[in-house]
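With the sequences and hints as input, model every part of the structure.
Protein chains in written order, with this note's numbering: chain G, 1 to 288; chain H, 289 to 709.
Hints are supplied without guarantee of correctness; some may be wrong.
Here are the simulated distance ranges between beta carbons [as the list claims (entries may be wrong)]:
{"no.": "1", "chain 1": "G", "residue 1": "117", "chain 2": "H", "residue 2": "356", "range": "13 to 21 Å"}
{"no.": "2", "chain 1": "H", "residue 1": "355", "chain 2": "G", "residue 2": "11", "range": "44 to 52 Å"}
{"no.": "3", "chain 1": "G", "residue 1": "131", "chain 2": "H", "residue 2": "373", "range": "48 to 56 Å"}
Derived from the structure by calculation, the hints contain no laboratory data.
Virtual Cβ for every residue (Gly too), placed ideally from N, Cα, C.
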Amino acid sequence: MRQLRTALPMMLPAAVFLCGFLLFPVVCTMVNSLYHDSPLTGREFCGLDNYRRLAGDDQALETVEFTFIFALSSVALEMVAGVLIALAISRVVLGRGPLRAVVILPWAVPTVVAAVMWKYIFNDQYGLLNYLVYGDSLSMYRAWLARPATARLAIIAADVWKASSFVALIALAGLQSVPQQLMEAARIDGAGPVRRFFHVTLPLIRPALLVALLFRVMDAFRVFDLVFVMTQGAPAGQTSVMQYFGYLKMFPEQQYGYGAAVSVVVFAIIAALSVLLVRTVGRRGLVE
Amino acid sequence: MDARGMCVLAAAGLLLAGCGGGGPEEAVTGITVVTWRPNSPATWDRAIEMFEEANPDVRVELQTGPSSSTQLHDMLSQRLRNRDPSVDVFVMDVVWPPEFAAVGWARPLDEAFGPGERERFFEGTVEAVTWEGSVYGVPFFLDAGVLYYRTDLLSRYGLEPPRTWGEMVLAADSVLRGEDDPSLYGYSAQMAQYEGLVCDMLELVGSAGGDLMEPADEATVRALRFARDSLVHLEGMTPPGILTYQEQESLELFASGGAVFHRNWPYAWALCADTAGSEIAGNVGISKLPSFPGGETVSALGGWSFGISAYSPHPEEAWRFVQHMTSPEVQRVFAVEVGKPPARRALYADSAVLAANPHFGPMEAVFEAAAPRPRSPLYPQVSHRLQSFLHEAVGDSGSRIPEMARRAADDIAEILERAGG
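Below, the structure is given as structure tokens:
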């Protein structure tokens, strides 16, 4: 009892912080999503009407589709690329420190800055990509961001470039915990590099990779800045993602209730996926 | 200030006195003006200096927001929604007043900006600030789409500025074939998925006798097919990136000698003529936009006005500032220094304005007849739906325009019916 009396005030700052900055906005958004709310019509309770409208909104469903395509393909590529980068730099002995700094650089660049840079790389007139692919044949130059397929790939490429270094960093930390004796023993037993990787390294760094995977999945589903800077959803909404759609509804169009409903759906998807990931991959990773 | 101005001011004072205008006890009243990030901050500073000299009892704080109209709207609407009393005066894009009026963010200015004074402005600009019979702003400057062309290239091939869109494509084709330059294109315009696309397409569709708010209309579909097949997807007519171009990119292409024809707002004139940034200075002509055979040329109306916040605690001082910024003197300064077409008619006979902008004379009729975009308090929603429809209609070479148009028309009808949400 006395312990509790001392503990409560000590927990207060953290509790206030959590409730004020995390719980309160989330609950507020959930409540808002149950209202029709725009400056023009005022605020009016509407039950689940915003969700019904969302389910029948073709443009919203298209953004859900691309958000899934984006999140799944970019996270998959980032996990592979990140592990490969980590394996490569873990073997470097000379200049390891500077090399690591270089590898983490993309992660340190603010996404908006990276997005502007990639927008220029994909530019149709003076973009680096056109120059690398077509050299001086100007008539061959393509507008990568003007066609649905290439615009989608461009956004995924920009995200992979940026986030692979994050995965690499976490994987590198995991690699350092792999005991050298185990690797030696595997080598003596005649296991080749591929086999050593899949049977020794990978199981041991799995917990680290799970952390990276979780972060990346959550991050990828709430992608906004890349799309906002690079394409604004163009061409014809083909690169629009859920968060960007929600922003359009909430701010330029002033439909606060509908925008809140979009946010809640994004939140629910991320929460469900996180639980799923921790339950399945996580449990297996920890048991082995 | 002339006698007439004093009368208007007195009327404004009477009108606004009951609304908590600055009392006599305050020596200096500060007012806050929110505007987009200007290309010409020095001109703004000078205009404000002129105001403060004539009104020593008011100090103006200029807050500059984003230069993009959409983002400035995001910022302003957030502040006004929260009834922020620290905003007194704001600039309004030509499509905002219906929303600002219907929601109650902009103060009605019927008495201060009386019918007599309104007649001195272009009718379209006054209509743009009018909603349900009341005026909510005073026009600052206007914009209207015009066609720029390369005089040197046209005369080399004995061509006249085109009157129809078809003539323009044929003329561009002759030039392209004669020049045989892979970095030269026929036409450069704004076709990214954003507000500018709505303006460009309003002009094309309107000049065919169609209407953007009737996307499934036959004339509308015909004009969009032309844009898709003869502008966007005709080899060499437009650069491949046209679907990502806003004003700046399209102007860069034209100013670097990369296009025969170019659609833009009047501000592009000064930049094309400037030898420092333009490779085509001295070889640029300007004309009305083409139309389709049997149709009339249509220019989209753009431009900005000043409004006063309904939550401003200093409406009287705010009005004095608005009156100053929209006065002939200040509009003349902006026309001469920045090339903004004044909203006041009289300035089109002003020697200083015409000396700096010789193209304003022949373009006056275009400014006079400029066509407004759809007028609705729900314009942001309507515009987003139109943008995505138009971008796909002209961007996808296999687009089934009538079908997409019907879906867009249904969605727009639904937006107007739901009225918010």
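For each hint, the structure was consulted:
1. About 20 Å separates the C-beta atoms of residue 117 of chain G and residue 356 of chain H, a value consistent with the hinted range of 13 to 21 Å.
2. Judged by the Cβ atoms, the range 44 to 52 Å given for residue 355 of chain H and residue 11 of chain G holds: they are separated by roughly 47 Å.
3. The hinted window of 48 to 56 Å between residue 131 of chain G and residue 373 of chain H holds, with their beta carbons roughly 53 Å apart.
This entry satisfies every hint, going by the numbered hints stated previously.
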